[in-house]
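Each protein sequence line maps, in turn, to chains G and C.
Using our numbering, the letters of the first sequence map in sequence onto residues 1 to 208.
Using our numbering, the letters of the second sequence map in sequence onto residues 1 to 208.
In case anyone wonders, no lab produced these hints; they're calculated from the structure.
Accuracy of the hints is not assured; some may be wrong.
As the list claims (entries may be wrong) - Here are some, though not all, of the chain C residues that point toward chain G, as calculated from beta-carbon distances under 10 Å:
| # | residue |
| --- | --- |
| 1 | I6 |
| 2 | Q59 |
| 3 | I149 |
| 4 | F189 |
Predicted model, so just to flag it, every value in this text is computed and none were measured.
C-beta atoms are modelled at their ideal positions from N, C-alpha and C, and glycine is treated no differently.
Protein chains: 2
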Amino acid sequence: MKERIIKSALNLFWRYGIKSVTMDDIAKDLGISKRTIYQHYSDKEAILALVIQNEIMDQKCEMEKLDEKAANPIEQMMYASAQMRDTLSNMNPALLYDLKKYYPTAWEQFETYKHEFLLKSIRENLVTGIEQGLYRPDIDVDVLALLRIEQIVMAFDPTIFPQKKFSMMHTQMQFLLHFLRGVLSEKGFEYYNTIKDRSAIEINTHEK
Amino acid sequence: MKERIIKSALNLFWRYGIKSVTMDDIAKDLGISKRTIYQHYSDKEAILALVIQNEIMDQKCEMEKLDEKAANPIEQMMYASAQMRDTLSNMNPALLYDLKKYYPTAWEQFETYKHEFLLKSIRENLVTGIEQGLYRPDIDVDVLALLRIEQIVMAFDPTIFPQKKFSMMHTQMQFLLHFLRGVLSEKGFEYYNTIKDRSAIEINTHEK
Numbered sequence: 001m002k003e004r005i006i007k008s009a010l011n012l013f014w015r016y017g018i019k020s021v022t023m024d025d026i027a028k029d030l031g032i033s034k035r036t037i038y039q040h041y042s043d044k045e046a047i048l049a050l051v052i053q054n055e056i057m058d059q060k061c062e063m064e065k066l067d068e069k070a071a072n073p074i075e076q077m078m079y080a081s082a083q084m085r086d087t088l089s090n091m092n093p094a095l096l097y098d099l100k101k102y103y104p105t106a107w108e109q110f111e112t113y114k115h116e117f118l119l120k121s122i123r124e125n126l127v128t129g130i131e132q133g134l135y136r137p138d139i140d141v142d143v144l145a146l147l148r149i150e151q152i153v154m155a156f157d158p159t160i161f162p163q164k165k166f167s168m169m170h171t172q173m174q175f176l177l178h179f180l181r182g183v184l185s186e187k188g189f190e191y192y193n194t195i196k197d198r199s200a201i202e203i204n205t206h207e208k
Numbered sequence: 001m002k003e004r005i006i007k008s009a010l011n012l013f014w015r016y017g018i019k020s021v022t023m024d025d026i027a028k029d030l031g032i033s034k035r036t037i038y039q040h041y042s043d044k045e046a047i048l049a050l051v052i053q054n055e056i057m058d059q060k061c062e063m064e065k066l067d068e069k070a071a072n073p074i075e076q077m078m079y080a081s082a083q084m085r086d087t088l089s090n091m092n093p094a095l096l097y098d099l100k101k102y103y104p105t106a107w108e109q110f111e112t113y114k115h116e117f118l119l120k121s122i123r124e125n126l127v128t129g130i131e132q133g134l135y136r137p138d139i140d141v142d143v144l145a146l147l148r149i150e151q152i153v154m155a156f157d158p159t160i161f162p163q164k165k166f167s168m169m170h171t172q173m174q175f176l177l178h179f180l181r182g183v184l185s186e187k188g189f190e191y192y193n194t195i196k197d198r199s200a201i202e203i204n205t206h207e208k
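Next up, chain G with everything else stripped away, as it sits in the complex (with noise of 0.2 Å):
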């Protein structure tokens, strides 16, 4: 049963936001009473430490494997960020706004996520890329890493990118490609523009 609640919650939260989902929701989603969910969880609050810890941990393994499946950085950077799209596609945008805004714990949670293992995650791509010469050697990575993790933080800002006019998976690609173009190399180019097609097909099935 905690696991059916985990799962439920995910699933209300990814298509409704978190402010606006409810005990109630989640009860009636499953087709059980609320009193068999406070036998298991106090508050909607330890019911979101639990999704994200879940998603967290599930997004680390996506990240691994397919850092075994890329050729080198350039790849794996399009994949990473093709997979963060297909995680995404779903998503109402509303989520991670909620959590920033309303739920500091479990904003907290996602932001040791993003330093910890993101940040470092984004800044060995750059540094192997540089390694390899697909990548500028005078990109500053620390700089970098964090622009990178920002602008994709960025995108899902309603502020900065309200929903009505921008496509979030758009905006996405665009800063992903953007990104990507800025810290190749010469080397780098004459790689990307081999795959580039290839990429923009694999992509493009993602993109909403």
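With the hints as your guide, set chain C onto chain G.
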């Protein structure tokens, strides 16, 4: 006297941020009594509003001069960035942060400037660059103009780029070069490679 007060306040805000500067500090800086200041301005926020309005007007003039000086959008972006770094070189990064956190009305002024003037100016730069074949035709000018503005602001955010670890000038330089490379077409690259060393010299004299 009104103008002297504004000049002194600008100078103090620039050096120490806004929060820590009092009416007493401004009076002391000018060697006048606080009462004299209150004859002209009801409070610090009234002074702040005028300081920002003046600063925005100065910036607009400088930008217009640069537009005339620049031979093309690439040069224009590099000049604009060099000028911005020059303006900001003595600025306490707390200023923008104080503004956002404690002075919502003044922050609103800055936001309006950002959206009405800066955004328009960056957008035009991108459109012209595409028309001249210097930038890729597949960039979304609305998305990337917003990205560029948010990057500039992001470099000031001490929660992302703490002053102890990052020099703001250096972060802004990394952002500019990365942004520019990210939008260049092949023709743009060829041109960029012919001017980047010259510009690097010009720009490095500004970098602290």
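Hints, one by one, checked against the model:
Interface hint status for I6/C: violated, as the beta-carbon distance to the closest one in chain G is roughly 30 Å, over 10 Å. Hint status for Q59/C relative to chain G: violated, with the closest Cβ pair at about 21 Å, above 10 Å. Because the smallest distance between the Cβ of I149/C and any Cβ of chain G comes to about 9 Å, under 10 Å, the interface hint for this residue holds. The interface hint given for F189/C holds, since its Cβ lies 8 Å from the closest Cβ of chain G, which is under the 10 Å cut-off.
Checked against the numbered hints above, the structure breaks hints 1 and 2 and satisfies the rest.
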